[in-house]
Amino acid sequence: MIESRTTRVVLRLCAAGTLAFIYFPLVVIAVYAFNENISQTWPIEAYTTKWFGVAWRNEEVRSALLLSVKAALGATVIALVLGTLASLAVSRSRFFGRETISFLVILPIALPGIVTGLALQATILNVLAPIGISFSIWTIVIGHATFCIVVLYNNAVARMRRVSAFLEEASMDLGADGWQTFRFVTFPQLRTALLAGALLAFALSFDEVVVTIFTSGAQQTLPIWIFTNFARPRELPVVNVVALFMIIVSIIPVWLAQRLAGGTGLAADRPREGSVAASIETQP
Amino acid sequence: MRGKRISLWVALGLLVGALSVVAAGCGGGGSESSSDWQVEGLGSTIDEIQANAKNEGQVNMVIWAGYADKSWADAFTQQTGCKVSTKDGASSDDMVDLMATGAYDGVSASGDATLRLIAKGDVAPVNFDLIPNYADVYEGLKGQSYNTVDGVGYGVPHGRGPNLMVWSNDAIPADNDTWAPIWPGTDYKGKLSIYDNQIFIADAALYLKATQPDLNITNPYELDDDQFNAAVDLLKQQRPNIGEYWDGATYAKQVTSFKSGEAVVGTTWPYQVNLMAAEKPPLNVTAKVPKEGTTGWSDTWMIASKAAHPNCMYLWMNYIISPEANAKVAEYFGEAPSNAKACDVTSNPNHCEDYHADDEAYWDNVYYWDTPQADCGDDRGEVCKTYEDWRTAWTEIKG
Amino acid sequence: MTSVSSDVEPPPRGGPGRRLSTFFFSHSRARLGGLLALPLGWMLVIYLGSLFLLLLASFWDTEPFTSDVVRNWNLDNYRRLFEEPVYRNVAFRTISMAVYVTVADAVLAFPLAYYMARVASPRSRNLLVVAVLTPLWASYLVKAYVWRTMLGEEGIINWLLAPFGLDGPGYTTAGLWLAFTYLWLPFMILPIYAGLERIPSSLLEASADLGGRSVRTFFKVTLPLAFPAVVAGSIFTFSLTLGDYILPGLIADEQFIGTVIYTDRGTNLPVAAAFAMVPIAVMVVYLWGARRLGAFESL
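Which chain is which? The protein sequence lines are A, B and C, in order.
20 is the number that this note's numbering gives to position 20 of the first sequence; each next residue is one higher, with no gaps.
251 is the number that this note's numbering gives to position 251 of the second sequence; each next residue is one higher, with no gaps.
60 is the number that this note's numbering gives to position 60 of the third sequence; each next residue is one higher, with no gaps.
By construction, these hints were calculated from the structure, which means they are not laboratory data.
These numbers were taken from a predicted model, which means no experiment stands behind them.
Where a beta carbon is used, it is the ideal one built from N, C-alpha and C, also for glycine.
Don't take every hint at face value.
Said to hold, decoys possible - Listed next, with one range per pair, are the computed distances between beta-carbon atoms:
id, chain 1, residue 1, chain 2, residue 2, range
1, C, G41, A, F166, 23 to 33 Å
2, A, V10, C, E205, 47 to 57 Å
3, A, A170, C, G34, 14 to 24 Å
4, C, S202, A, W138, 12 to 22 Å
5, C, V130, A, R8, 16 to 26 Å
6, C, G289, B, T286, 31 to 41 Å
7, A, K70, C, G289, 31 to 41 Å
8, C, V130, A, F166, 28 to 38 Å
9, A, V9, C, N126, 47 to 57 Å
10, C, L225, A, A20, 25 to 35 Å
11, A, V9, C, G41, 46 to 56 Å
12, B, E40, C, F23, 49 to 59 Å
13, B, K288, A, K70, 46 to 56 Å
So here's chain A without its partners, still in its complex pose (with noise of 0.2 Å):
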């Protein structure tokens, strides 16, 4: 290491206050579930368990969960057929417009949500509504999957970089097609980068509520529902607890995706020892 001791040291305790700063809030969350009390000063005078049980029966907040997995799932498989493909078109080929694609592909997520949710909201009620397609799971779904689209194409374009090209023309060189090339070499490698994408591109449809509000109509999916109701006092020790269901819940696919990617899930990551696309790019 080329750093000194002391700047070791001092780089820990940033480090260590960062993390503190950012874990902070997240435990006033935590601990407010627990608050027996409606409104929401400190210190907390009571605690108590019972608002988890009136957060399951709330059938309004178990159909808004419903609600958010079925469109993350929509999201994301959307998001993973086109972000493979716009990424293998990017990673095989040269072409002109090759940083065109990156750069369009990131603007949904790189403009800000506002702008995205009023465009939709404009095309849904001005376009599609006077066809008769109103607001339903699907406008969620399309609203999220734009965004989601970059998430699976960094990963998967990462990832292809390490996956040889020369090793696809081997397997056609030994008589696969096109289609079992995919499947047998380029896919395998390509899988555990798609899932870890995949797994993030859920968590960030889950969470998603700014786009939403303009893409949901009355729907109410689990975001929509906090909003909705975190500004209702009688409501709010409900939200509460499902405030600090989805910090939990999305804990899971992101300490997933981070075991099958490494790194950070996000950007580029080192092939798994051993993997012959490894063997083979040490090659000169």
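The hints should help you fit chains B and C onto chain A, whose structure is shown.
Chains B and C alone, transformed into the frame defined by chain A:
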């Protein structure tokens, strides 16, 4: 390569542009009021409606906070099989926007929303024969300019109430009777809690009506240039003193602010006053209508012209003006009920008297929220500021 | 360990699947087109098409009473954006906040990212990455609301600062800045971490060998190499602050670009659309600059 890239962008642009222009051309059309109460899917007799409602199983509404509390909504669900799902409208604008999406079945609209909803064709007229409880509604609420157009009724009156001034007794004496503390020239910088919508300009106009009689303001919603500019100036002077804005979706923060002392005076609805009184311990505040008069509301339940669950909506409209439910919501929110029979079943026997349910003379001095239009409605002609002008001014005032 | 199964038969020579595959192999453009058709079609029609519609709407009018959009081509909306001072003020306020938040996030994120990338052991590195990623997926809305609770007069921040005789920022612009910084921090940490991780140790060692002390190495070698990653992270912090419409009203009661657009979304869509072009333009310029600085490699 460069040339190819440029032509790629041009091609993309043209393609997208062409698609959009086509799409834009297809979409939308003029809107016109619907004069047909026959919303698609609605039964034509009460029995049919009740049967259809069981199939619908749900009703989605945009409401003012507190209008569909579980204590009476659950009973409705049990009786009819329709689950109640609501969204608290932040303001009348918000309600009109939400109704424009076509995703909701109905709305409890105030006068600054009703006429626009009707003109946009987003709400359908109501067939009062299918709403038995309508017969018991106070005559003074039927056939009003805000819920009836060309003799066609568009909604079921919900109830009415005044906007109140609320203050913390520690800061202002309980016997205060004027709006002056919320206007410039007093000492509550950063401690004001004000309603966040352009309709509040009417409150400024009302104050000017009393304090600057030479402006000749008679109706706070019909303001010509001079009157409007005076009101806007007053509001711009008030702006630095405002500690927080609240609206129909964030009303709870007003209760918290008064509790913590961050706000000591402001405008409010009786709903928040009730919430403040329900705190443990109850907040030491006073709320009343000052001598300069006040704005208020008379709300109407309306059904969306493309409601997905029209039968449940009709049943709700009938239910909410039934004596028991109307009494409950009137007491819960703090307003005058629309059904005379509700007065017999309120838990506080004096509720209707306290809230002037039958006292039309009282309501002559409460200026219900109304939609400003260019036509002043008097001999000034068409010089009054429109709703659009009010909207723009409010954005400017907030800065 | 990947392997091709040894009992896979190649498809028959003249079979349709094979012919299709051969066609696509030899006609790379067709293959490209086939692959790109769906994703590109989706992005163009659904996303860019909607944005373009929004752009069109910004040149139209509203009917003052019903708020219906009237297809009257004009530049009034843009004229209003330029003439009314309030829009300039709101835009300035929003962009400044975005800058402050980005700077604060970069300052907070860098030490942690550096620690994770270069100092921590591989095992703690994994743990730290999970630790940083997790809050990213905790609901944005919930975090926003808990900040409102914490910043309140009787909230936890004041309670913590009281023994020191200090007052928390409360519901002010400072409080808003704090909340924004908190919310977008993970978006900044991850790209910087990825960027720092990619710097080969050999470079830093070489710099040390050539006589550079660690501070000098940091400023002359590490920072310039990590800068694109910082820019990559800043894309998110900047964009998210620019368009947020929930937090400003919740915490500071101030008008930001997002809140103005949101309020006007139905009652005056053309003006909202015109004002929406401002963050779009800002972000397109920002993205273009970011790309020039090489940030896209770090995303």
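Problem - Unsatisfied constraints (hint numbers, rising) - result: Of the numbered hints, 2, 4, 6 and 9 do not hold.
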